[in-house]
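First to last, the protein sequences are chains B and W.
One rule links them: number in my numbering = place in the first sequence (from 1) + 32.
One rule links them: number in my numbering = place in the second sequence (from 1) + 1021.
By construction, these hints were calculated from the structure, which means they are not laboratory data.
Certain hints may be false.
[Claimed, not checked] Using 20 angstroms as the maximum straight-line C-alpha spacing, the simulated EDC-like pairs for lysine to aspartate or glutamate come out as follows:
no.	chain 1	residue 1	chain 2	residue 2
1	W	LYS1047	W	ASP1076
2	B	LYS210	W	GLU1230
3	W	LYS1086	B	GLU398
4	B	LYS210	B	GLU117
5	W	LYS1047	W	ASP1181
6	B	LYS162	B	GLU278
7	W	LYS1218	W	ASP1080
8	B	LYS210	W	GLU1111
9	W	LYS1086	W	GLU1101
10	W	LYS1074	B	GLU398
A quick note: this is a predicted structure, and the numbers were derived from the prediction, not measured.
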Amino acid sequence: MNTHLLIRSLGRTYYRQNAGLFAFLVFIMVLAVGRANDVGLLEYHYSLILGILTNPSFLAVVAAAWLLYAWKCLRFVTGILNRQEYSFLYQFSLIDTPAAWWQLVLAQLLLFLPVWSYVLIMLGVGYHRKLYLPATAVLLFNLSVCLLSASRYLYLLRHPDAPRWATRWKIPSVAWKKLYLNFLIRYVLIVRPFLFFVIKLYSCGVLYLMISNSSGDGDDRGMNILFYSFGLLGHGVLIHRLKEMEDARIGFYRGLPMGLGARFCQYAVFYFLIFLPECITIAALTPAHLTWSDAALYIGLGYSILLLLNSLLLLPFHRILNYLKVVGCIFFIIFLALLMGVLPWLCLFFFILSIAIFFSRYYRVE
Amino acid sequence: MLIIHEVSKTYAYTPILDIPSLHLEKGIYWLQGINGAGKTTLLRMIAGLSPFKGDILIDGISLHKSPLAYRRQVSWADAEPLYPHFITGEEMLAFYCSIRKASTTQVDHLTGFFGIRSYLAQPIGSYSNGMVKRLSLLLAFVGAPSLILLDEPLATLDADAAHTFPHLVREYRRDRGTSFIFSSHQPIAADMLTVNKKLIIADRTIQSE
C-alpha cells in the first residue's frame, strides 16, 4: 500500500509533468533519427549502441547525460517534498530504514524507466557482441545512480531541513533586475534547465549536423528546414511551462502600468536571448555551409516561430494537448510553405500574426 | 472616483457577476459576501487582471480605452499571494519601484512598517506565508495609486501586523487621498479604521449598505 502510494505520488506526477519532454525525446530517438540518416531504425540504434560501448569518450558523454537525468529526478523529488500537498510523504521517514530505502529504490527505478529501457537494449547488444566490460559498467553505473539517489531521497525525508543543493544565480546588474524578462530567464535557467538543455541540444545539434553534412541540393535543404522547424516547435513545451508559471506566480504583472508595446518588447528580447544558441550555430555554418540568404531565412523563421508560440498561448487553450495540436498544424503549414517556396513570406506572416495576437489578446486572457 | 458601468462576468458560460451601475466616491470600502459570491473576481476585474464585459473607470479613466493610464491609478494585493520562489523580496520590490516610480523614502517607510527589511535579500521560496503576505501588501502600497484593492488583507498576518495595518491605510487615506476597497471576513474595529461604506455582493450583483 505504501509503495503504491509513493509510486503514484512520484511516478504519476513526474510523467504527467514531463509528458511533453518525453514525447519530444521519443520523436528524436524513434521517429526522427532513423529516417534522417536514411537507414532503418534498428540498424541505426544498433550502430549507436555499438559506438557507445566501444568508444570510451562517447560512453563518458552518455554517462554524463544519465547523471544529468538523475539530477533532474533529484530536483523533481526535492520539489515534491517541498510541496504542501505532498507533505504526507514525510510519513515514510517513520518506516524502518531498509524498508523505506527499498520503496524509494523502486520509486527511483520508476523515474529512471526511460533510461533503463534503453540500457536494457544496450546490455542485450553488449553481451551479444561480447562487450562484457563496458556493458557491465553501464549496468553498474545506472544501478549505483539509482541506489545513491534513493539514499539521498531517504536522507531528505529524514532531514527536512537539509540543504537542497539549489542553484543560485546572481544577477549582477541592478537595472537588469527591473526587467520582467529577468523573471523569465531565471525561470528557464533555474527551474527548467534540463528541458532547456535537451531542446537546445536537439535544435542546435540537428541544425549543425544536418547542414554541415548536407549536399546542398533542394531535397536536403527542405529536409534541413523541416527538422530545424521541429526543434523550434519543440520549444512549445518550454513556452507552455513558462506561461503556466507566469499565470500562477507573476499574474500581478498584467495589473502593472506598462504599455502593451513595452510588454511585447520584453518578450521579444527574451525570445531573442533564448534563440541565441541557434543564431550562433547558424553563424558558425555561414558562409561555409549556408548562404547568407539561407542564414537570414533560418534566423527569421526560428525567431518568428518562437514569438508566435508565445502569442498563441494568449488564446484559450485549456489543455496542453490542444496547444500541441496547434503546434503540429504550424509544422504542417511550414511544410506546405516549403513546398510552395514561400517560406520568407511565411516568416513575415508569423511575425505579424504574433504581434496581432499579442496586442489583441493580452488583456483578454483569463 | 470609481464607476462600474454595465459590467458582467462569466466563467465557462456561467454568469458570476452582473452589475448594471455603481458609483463610488473617494473613501474606504469594505466588500462583503459569502464564500464564492465573487468578491475576489470583482476586485481582480477592477485591478485589470480579469477580463469582463462592460467598463470600469477610475477618476474618469477607462480601463478598456486607456489601459496604461488606468493601471497607474490602481494597485492590488492578492489574498494568497504567490511569487516565483527563486526571486528575492528585494528584486520584487526593485521591479515594482521601477514601474511605479516609487521614492526611496517611501520604500524605506514601507519596509520599516511591514518589518520585512531583514529578510528582503532572501529568495521568496524561503518565506513563510505571513512573510509573503507582508511583501504582497507592501508592494500594493508602492508608488502613488489612487485606489488600492486588498483581498483579505488580514489573512495570515500575525496579531501585531493585523493590529497596525489599519494605521497605514489611514495614513495613506489622510496624506495621499488614496481610496481603498478591501474584502475581509475578519471584523475591523471601528476605532482602528473608519469604513465609509460596506459593499455587499449577493445574487451576482453588488449593493451598498
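field: Distance restraint between W:LYS1218 and W:ASP1080, which requires alpha-carbon spacing of 20 angstroms or less
entry: holds (19 angstroms)
(Q) Just to be careful, I want the Cα atoms of B:LYS210 and W:GLU1230 compared with a cutoff of 20 angstroms; is the pair within it? (A) Distance ~42 angstroms between B:LYS210 and W:GLU1230 Cα, so the pair is violated.
- [ ] For the pair supplied as a hint, W:LYS1047 and W:ASP1076, confirm whether the alpha-carbon distance does not exceed 20 angstroms.
- [x] holds (19 angstroms)
| B:LYS210 and W:GLU1111: Cα distance at most 20 angstroms? | holds (11 angstroms)
W:LYS1086 and B:GLU398 were given as a pair; does the straight-line alpha-carbon distance stay at or below 20 angstroms? holds (19 angstroms)
*Would you mind confirming whether the straight-line C-alpha gap from W:LYS1074 to B:GLU398 stays at or under 20 angstroms?*
Distance ~13 angstroms between W:LYS1074 and B:GLU398 Cα, so the pair holds.
Would the pair B:LYS210 and B:GLU117 pass a check requiring their Cα atoms to be no farther apart than 20 angstroms? violated (33 angstroms)
Starting from W:LYS1047, check that the Cα of W:ASP1181 is at most 20 angstroms away, please. With a Cα-Cα distance of about 28 angstroms, the restraint between W:LYS1047 and W:ASP1181 is violated, given a limit of 20 angstroms.
- Given the hint that W:LYS1086 pairs with W:GLU1101, does the C-alpha gap stay at or below 20 angstroms? With Cα atoms ~30 angstroms apart, W:LYS1086 and W:GLU1101 exceed 20 angstroms; violated.
| Are the Cα positions of B:LYS162 and B:GLU278 separated by 20 angstroms at most? | Violated. B:LYS162 to B:GLU278 sits at ~52 angstroms, over the 20 angstroms cutoff.
Hint compliance for this structure: hints 2, 4, 5, 6 and 9 are not met, and every other hint is.
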